[in-house]
Amino acid sequence: MKIFSKILVILSSIAFVLSLISPVTAKVVGDKIVLGAAVSLSGKYSTNGEHTKNGYNMAVQRINDMGGVKVNGKSYKFEIIYYDDESDSSRAAQLAERLIKQDGVEFMLGPYSSGLTKAIAPVTEENQIPMVEANGASRSLFTKGYKYLFAVLSAANQYLEVAIDLAVEKNGGNPINLAMAFEQDAFSQDVRIGVIEAAERTGSKITIDDKLPKELNDMAATLAKVKATKPDVLVVSGHSKGALTAIRQIAEMKVDVPMLAMTHCDASKLAKQHGKNSEYALCAAQWHKTLTYEDSFFGDGMQFDKEFTEIYGYAPPYQAAESAAALLVFKDAFERANSFERSKVRDALAKTDMQTFYGNIKFSDAGQNVAKPMVLFQVRCDGDNCENKVVAPTKWASTKLVHPIPKWSDR
Amino acid sequence: MDFLIFQNPILIVQASLDGLLLGVLFALVAYGMALQWGVMNIINVAQGELVILGGYIAYFLYTAGVHPAFGILVSPIIMYFVGVGMYRTVIFRVVNRDLFISILATFGISILAQQLMNTIFGSDVVIAQSNFGTSFLFDYMVTLPNAKIFSAVVSIFFALIIVLYMKYSKLGRAIRATAQNARAARILGVDTDRVYAATFGINAAICGVAGALIAITFTLHPYVGLPYTVRSFMIVIVAGLGNLPGVAISGIGLGIFEEFSDYLFGTEFRIACVFLLLVIILVYRRFKLSRKREYLK
Numbered sequence: 026m027k028i029f030s031k032i033l034v035i036l037s038s039i040a041f042v043l044s045l046i047s048p049v050t051a052k053v054v055g056d057k058i059v060l061g062a063a064v065s066l067s068g069k070y071s072t073n074g075e076h077t078k079n080g081y082n083m084a085v086q087r088i089n090d091m092g093g094v095k096v097n098g099k100s101y102k103f104e105i106i107y108y109d110d111e112s113d114s115s116r117a118a119q120l121a122e123r124l125i126k127q128d129g130v131e132f133m134l135g136p137y138s139s140g141l142t143k144a145i146a147p148v149t150e151e152n153q154i155p156m157v158e159a160n161g162a163s164r165s166l167f168t169k170g171y172k173y174l175f176a177v178l179s180a181a182n183q184y185l186e187v188a189i190d191l192a193v194e195k196n197g198g199n200p201i202n203l204a205m206a207f208e209q210d211a212f213s214q215d216v217r218i219g220v221i222e223a224a225e226r227t228g229s230k231i232t233i234d235d236k237l238p239k240e241l242n243d244m245a246a247t248l249a250k251v252k253a254t255k256p257d258v259l260v261v262s263g264h265s266k267g268a269l270t271a272i273r274q275i276a277e278m279k280v281d282v283p284m285l286a287m288t289h290c291d292a293s294k295l296a297k298q299h300g301k302n303s304e305y306a307l308c309a310a311q312w313h314k315t316l317t318y319e320d321s322f323f324g325d326g327m328q329f330d331k332e333f334t335e336i337y338g339y340a341p342p343y344q345a346a347e348s349a350a351a352l353l354v355f356k357d358a359f360e361r362a363n364s365f366e367r368s369k370v371r372d373a374l375a376k377t378d379m380q381t382f383y384g385n386i387k388f389s390d391a392g393q394n395v396a397k398p399m400v401l402f403q404v405r406c407d408g409d410n411c412e413n414k415v416v417a418p419t420k421w422a423s424t425k426l427v428h429p430i431p432k433w434s435d436r
Numbered sequence: 002m003d004f005l006i007f008q009n010p011i012l013i014v015q016a017s018l019d020g021l022l023l024g025v026l027f028a029l030v031a032y033g034m035a036l037q038w039g040v041m042n043i044i045n046v047a048q049g050e051l052v053i054l055g056g057y058i059a060y061f062l063y064t065a066g067v068h069p070a071f072g073i074l075v076s077p078i079i080m081y082f083v084g085v086g087m088y089r090t091v092i093f094r095v096v097n098r099d100l101f102i103s104i105l106a107t108f109g110i111s112i113l114a115q116q117l118m119n120t121i122f123g124s125d126v127v128i129a130q131s132n133f134g135t136s137f138l139f140d141y142m143v144t145l146p147n148a149k150i151f152s153a154v155v156s157i158f159f160a161l162i163i164v165l166y167m168k169y170s171k172l173g174r175a176i177r178a179t180a181q182n183a184r185a186a187r188i189l190g191v192d193t194d195r196v197y198a199a200t201f202g203i204n205a206a207i208c209g210v211a212g213a214l215i216a217i218t219f220t221l222h223p224y225v226g227l228p229y230t231v232r233s234f235m236i237v238i239v240a241g242l243g244n245l246p247g248v249a250i251s252g253i254g255l256g257i258f259e260e261f262s263d264y265l266f267g268t269e270f271r272i273a274c275v276f277l278l279l280v281i282i283l284v285y286r287r288f289k290l291s292r293k294r295e296y297l298k
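Protein chains in written order, with my numbering: chain D, 26 to 436; chain S, 2 to 298.
In short, the hints are calculated from the structure, not lab data. Treat each hint with caution, since some may be false.
Unchecked claim - So these bits of chain D aren't anywhere near chain S, every CB distance computed over 12 Å:
1) K31
2) V96
3) E104
4) K143
5) I218
6) K236
7) E304
8) E335
9) A362
10) N363
11) E366
12) D372
13) S389
14) R405
15) C406
16) P431
Claimed, not checked - Derived list of chain S stretches under chain D, where covered just means 3 residues or more per stretch with a C-beta under 8 Å from a C-beta of chain D:
17) 217-226
18) 268-278
On a predicted model such as this, the values are computed, not experimentally measured, just so you know. Virtual Cβ for every residue (Gly too), placed ideally from N, Cα, C.
Isolated chain D (complex conformation) (with noise of 0.2 Å):
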């Protein structure tokens, strides 16, 4: 008995050593192309985990379901290899490591956030893997030189200028002055420079410029400055949290702020949460449903949006959009490159020029999407009903904005 447990123990030790010397070559498997993608199913992240993960499935399912992907002469189909990061930054490498010399990954998807896509990307880079990646928006992403990364979203930075621009529009051209507030975190403090360098731009200047702590959730005093000062636009980025607690307490102490810009409108669902207290706040997002771009795949916004309402029960926010898109991507550039060797799919991925329904995408050298702006919508309510509308860029407007925002005594 002794002999025989010896001998399974030496046999499972081979075996273990064997799968990590001899990885499996996935990449492509008969007629399957094999991504590998590490999103967060549980943790944190777990909602725009599923968000993104349910992106990526409609538009695996919809590019198989019309003819899949041509190489040399061949259609394949793709099918996503997916692991749970737990919303943990090392969990996500130690993943990327797994799919890579595991399971042979050769290319593979973004996941949820600038935080975990930071954590994989020197992964994939040390790795040679192409990835496409459409949740990570840190500038930091896009100065490190990576060669292997593409991300279909705009950067961070990119999120409010717009609003600073218009701001000093709606002035008549001349300098504002700007209260900010944003949470010291990688992804706001990106949105801060944006911020911002567009101040400097424009002359503006700063008079309020907190940043608030990760585990704050009250912002009273930075209103209370913001009322003591009366700034012409007030900033507000802290995702979800910060959204959601400057609304409420920019509407319970009675704020009044001829523009109030913020991100995570969507993330937050401030619309539905707050009602009429969110109304008129402008919200800088990726993408939005009414966007009039196209492509043979799943038509202009609105008809994705149906779809995916559809299928999965909800309206897709933009992280969903931006997810399908990246599949978009990767389908393009292994046509052009007519190749499943990864250097030549990253040089097809390098030189992408197209338009999807989310957004036309082109990425500069260092694998940032220039082609595509950020939109800004306005919360505007029809009795109790809140919706978000395109104000900017004016191209895609479905409404005007509403400047300066009514005081709270007249609402």
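With the hints as your guide, set chain S onto chain D.
Using the frame of chain D, we list chain S on its own:
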């Protein structure tokens, strides 16, 4: 900022009132922690998660169409049983053990609670609308959300009830006796196991009330419990165990100090200032104690 607060003296009033209202709520959570720490000698790292769970109960009522303020009645009842359940499954095993073991056990509970709340309630940040409106002072220059005033009043009310209960009820006396000397209490016929269970339950109920108040004043998320644990820990450290007026004063004091440090040093240094104050207080205490020892020599 050029000390905006001194250019606009009305901000001093605003900061003091905001700090007061914030401090009272934190003092309530800290009181729960002080109670079970004093009685059971357990540092409950899952205190914040109990608060958030209490908040989710109020939020659940809100989504069912009930005004979230009713959460202050429903949440403590449910949370009491959650607390007793936690004691009966985990805490009773660590009551008389090393403090480190209890920290480890409650840390485990905290992680488990976070993940369970995440699975059950989802990872979205949520709020419950009270629609209580706003009070204005000094010709609209100082604004006080009624939800925060309501929170402070309810916190004081519940704290008073617990103080009276501790003083006059049979269980309250048993709890106090156990806190003073568990062994002696056992000899005199107090069922300390029941007392411990009730204490943990009362702490969870206090967290339930605080959570319901947080649902209508701030935001809820499965992973935002830690700041409440840390804050109450600090308040208890500053006040000392078994010192209820101390907990109230230290809670309010820390709330006001936090608001003022925001205006004086910037929002980013707000929490750092509170920790700095904690260090200063601890060093001062040690200094005082060492002086006392020298005197006794």
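Structure-based check of each hint:
1. K31: 37 Å, holds
2. V96: 38 Å, holds
3. E104: Since the minimum Cβ distance to chain S is about 27 Å, E104 (chain D) lies beyond 12 Å and the statement holds.
4. K143: 20 Å, holds
5. I218: Answer for I218 (chain D): holds, closest chain S Cβ roughly 16 Å.
6. K236: 4 Å, violated
7. E304: 14 Å, holds
8. E335: 22 Å, holds
9. A362: 37 Å, holds
10. N363: Nearest chain S Cβ is 42 Å from N363 (chain D), so the label holds.
11. E366: 39 Å, holds
12. D372: 38 Å, holds
13. S389: Per Cβ check, S389 (chain D) is outside 12 Å of chain S; nearest 32 Å; holds.
14. R405: 19 Å, holds
15. C406: Per Cβ check, C406 (chain D) is outside 12 Å of chain S; nearest 15 Å; holds.
16. P431: Non-interface label on P431 (chain D) holds, nearest chain S Cβ at 17 Å vs cutoff 12 Å.
17. 217-226: holds (count 6)
18. 268-278: holds (count 4)
Hint compliance for this structure: hint 6 alone is broken.
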